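**Student:** Residue-level listing of the chains:
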Amino acid sequence: MFNLFQNINIDWLGKRKGFIAFSCFIMLAGLVSTIGRQYTPGGTDAFNLGVDFKGGTVVTAKFKQRPSDDDLRAALNKTGINDPVIQSSTDKPDEALIKIPLIEGNSEDGNTAAQVQAGRQTVKQALDTFGAEAGDASLADSPDAAYKIVGTDSVGAVAGSKLRNQAVTATLFGLVGILLFIAFRYDWTYAVGAVLAVFHDVLMVVAFFSVFQWEINLTVIAALLTIVGFSVNDSIVIFDRVRENLQENRTDSLYSITNHSINQTLSRTIITSGLVLLSVLALVLFGGEVLKSFSLALLVGVILGTYSTIAIASPIAIWWQNKLGDSRVKEVLAPQKGEKLASSSRRSVTRRPVTR
Amino acid sequence: MNRTGLWIRTGVIVAIMLIGIYLVFGPRHTPSASDFTWAGIKNNLASNINLGLDLKGGSHLVMRVKTEEYLRRLTENNEAAAVQALKDAKDDSGNPLGVTAEGSTVAENGNYTVNLTLSDPSKAQAAVDAIKKKVDFANWTESTSGNQISFDLPKQQQANLKDSATEQAYRIIDSRINAFGVKEPLLQRQGSKDSGLILLQMPGVENPERVKELVKGESRLELMKIVSPPNPTPVQTYPTKEAALATIGGKETDTRKVLPYTERDDSPSINANTAQDKKPTKFVVVESPAVVDGSELRDAAAIQGRGGSDYQISFSFKPSGAQKFGDWTGKNIGNYMAVVLNDEVKSAAYIKSQIFDTGEISGKFQKQSADDLALTLKSGALPAGIEYQEERTVGPSLGADSIRAGVSASIGGLILVVLFMLFYYRGSGINAVVALALNMLLTIAALVMIGSTLTLPGIAGLILGIGMAVDSNVLIFERIREELRLGYSVPEAISIGFDRAFVTIIDTHITTIISSVILYMTGSSAIKGFAVTLILGLVINLFTAVFVSRTIFNWELSLKPNRERMSI
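Chains as they are written, first to last, in the working numbering: chain A, 807 to 1162; chain B, 1066 to 1633.
Hints were generated in silico from the structure; no laboratory data involved.
Among the hints, erroneous ones may be present.
[Claimed, not checked] Calculated lysine-lysine pairs in the DSBU-like style (CA-CA distance at most 30 Å, straight line): (1) B:Lys1417 x B:Lys1383; (2) A:Lys870 x B:Lys1277; (3) B:Lys1389 x B:Lys1443; (4) B:Lys1306 x B:Lys1258; (5) B:Lys1277 x A:Lys905; (6) B:Lys1258 x A:Lys930; (7) B:Lys1248 x A:Lys930; (8) A:Lys860 x A:Lys898; (9) B:Lys1199 x B:Lys1188; (10) B:Lys1306 x A:Lys898; (11) B:Lys1258 x A:Lys860; (12) B:Lys1277 x A:Lys860; (13) B:Lys1277 x A:Lys884; (14) B:Lys1107 x A:Lys1098; (15) A:Lys930 x B:Lys1277.
Every value quoted in this text rests on a predicted model; they were computed, and no experiment measured them.
All chains should be modelled from the sequences, with the hints used to inform the complete structure.
**Tutor:** Structure follows, in structure tokens:
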């Protein structure tokens, strides 16, 4: 048997103040970054929102001879686009991502519907100064063409805010569902601990995105959802162990039982997180430009998800139970809640073919 | 566990695995030898998995029917009709009712109201009755005070009308894209019933400009009488709008309108809006309302003009329209008639003889724009304008790049995971690898079975599902190791390990399934794609990580009952 992390005895809960201070520090940095950026005139926005949420147009163009960023910018400026963002694709040197903000609406009802119509055409108009666009044929098959638009994403302001709201409400409802289920299976204190840990993870990832100005688009939302799933999963594994240990050991304090449970499951926690991290690392390295934001969010989130279970979810669950009364902790958890707890573990006892 | 039970379990697993292999790789036709070659398998795989537009390439358009415009027009039309109805109203004995009204409308902030101020408050009730006889105010809330009558459209009715306007637009767009020949289009309404949102997806269409114009084309055709001396005097035109307006008292009236007249239009676009920079040279005065309009059209087609390269549009009327048109042309021989498209006179001609059911829009159209115009005319007018809210196009090469990146990254990650499992858990690692492979196969098979589409977020869901599958195996193995360390025998440790870990696995899976179901119900289509693959992966994992893996362990125990050590 090849073993790592055996017989570990770390006082995790004793370090909770340090953990919480660390988390607060990161979140504070995120807060400073968002507020600072938002209110600095002429600076960047709090978040680098992609067109999915802010509205605007991204055009991916493939060139035979890719013009320099400055030439592209000059051509776009001529067609009246003032601040285009031009990105190169790391793995494809002949492509350029051209991002233009919402063109202010001039349609009669004052909304920005014209944007979606105009975005691609305006960019095309600018690019036509470098030569003709390849039509329906591929770029290589058109000797006269200089470039070809291989992808566009154009989102109006209304659709952008709708997608944004939908993403936020979906995530929040998902969290409520998790909260209710954990409360039903375990206890309210655990449910709140797990959900706060998840909130913590999402906030921390969002803080990273603000500080480093990584772009937030729809794929980042998918990544955040993945992180939520992963973090809750981690919390439940530990809670499950706490519950089991409480059944078998009614003399130790909750504090030491929780510590013991974290240590018992530590090998699993580290192996699983390590493996997921390996896959995510592969995604960051080979996933290409399209998946970049997604992979980065996952990378940060997976690390935080593991950390928050130990550093946030467990201390909160314990802290709250202590609030319920130091002396009553055992009563609250073992005998009274015992019915529910016992019933679930009794099932596992009866299923067990061997008794101790 | 006895051998029979094990054989049954194995049978179930093999059967499910074969079904999975068939669903993912199997042909949907009578199998031939080529289906067993590498290329044949790849072909079948590609045709079985329904790739989303972001992976396969195509256009994704979200449009909104401007339903508020529809309601505003409805309110204004009803107001005009109500004023007219009072003018024409007769009392019981057949004499004019003798009351007129000044009308106004409110159409903003979600309020749609027709306000009428009567000349004679004592006849308010009679006026209301007369109006309701002629104008459909059935679903409007009516209130009268003094000489004021108002009809207000309640919110519930607004929602219903928005819904039906969207439905109508949906049908028209459907017929347009079908006639245009878009391959395998997906057209569906989105959001709440009154949101007016319609989604159009067109696989393989890289440049949707033409379809976009076609879909939102508001081709309003009207045939109107031109105010002009009859033939042989040439048709009366004016060089400026002001000059034309001067002849009708300075402003347009209910019965007289001034329209631009472009004699030879070679605009390549079917939409008048985009041809704005071509200033029309002349103006004509026409009589309103139109003799007949586009709603009476039976058919329209692009035909080649006599000159050769130019195209024009010929149209024909339904019987009711033909009757109206025939009557009118019979009475107006020698007079000039205008063919008006989107408030622009396309051609003016004098009437040689009575015409019943056919006409022509002349002009220097190109074949493509003539075809598109004929198509939009034929499919009928949209109830309100269309605006695009979201447009995404993915070229096939870009989509293929995303697949390649996503797949190669996933496979790279998977290989690392497999190597680690084999290294760390030795013999039992094989167990995990088998369970993982089966999990991937069955998840994709389930996607194929329910006909779901695999998108980029869907791949993310797949990756999380695999992550949780690995986690289940790690949980079980770590638990077995722990029990072994406590001194249990191999069969006991396996049994306890599975049972204990099972409780945890169930809890983690149900939690994630619950949140995924909620995401599916509330999320946008991208989030839905993520939720579907994740739910499938988790449900299948309960089978592969627990049932399949346990069966393999049991086989090992059954073949070597008295082992004292295990490879884990």
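**Student:** Take the hints in turn and mark each one as holding or not.
**Tutor:** Tested hints:
no.: 1; hint: B:Lys1417 x B:Lys1383; verdict: 22 Å, holds
no.: 2; hint: A:Lys870 x B:Lys1277; verdict: 28 Å, holds
no.: 3; hint: B:Lys1389 x B:Lys1443; verdict: 19 Å, holds
no.: 4; hint: B:Lys1306 x B:Lys1258; verdict: 43 Å, violated
no.: 5; hint: B:Lys1277 x A:Lys905; verdict: 22 Å, holds
no.: 6; hint: B:Lys1258 x A:Lys930; verdict: 36 Å, violated
no.: 7; hint: B:Lys1248 x A:Lys930; verdict: 25 Å, holds
no.: 8; hint: A:Lys860 x A:Lys898; verdict: 26 Å, holds
no.: 9; hint: B:Lys1199 x B:Lys1188; verdict: 17 Å, holds
no.: 10; hint: B:Lys1306 x A:Lys898; verdict: 55 Å, violated
no.: 11; hint: B:Lys1258 x A:Lys860; verdict: 25 Å, holds
no.: 12; hint: B:Lys1277 x A:Lys860; verdict: 23 Å, holds
no.: 13; hint: B:Lys1277 x A:Lys884; verdict: 26 Å, holds
no.: 14; hint: B:Lys1107 x A:Lys1098; verdict: 28 Å, holds
no.: 15; hint: A:Lys930 x B:Lys1277; verdict: 16 Å, holds
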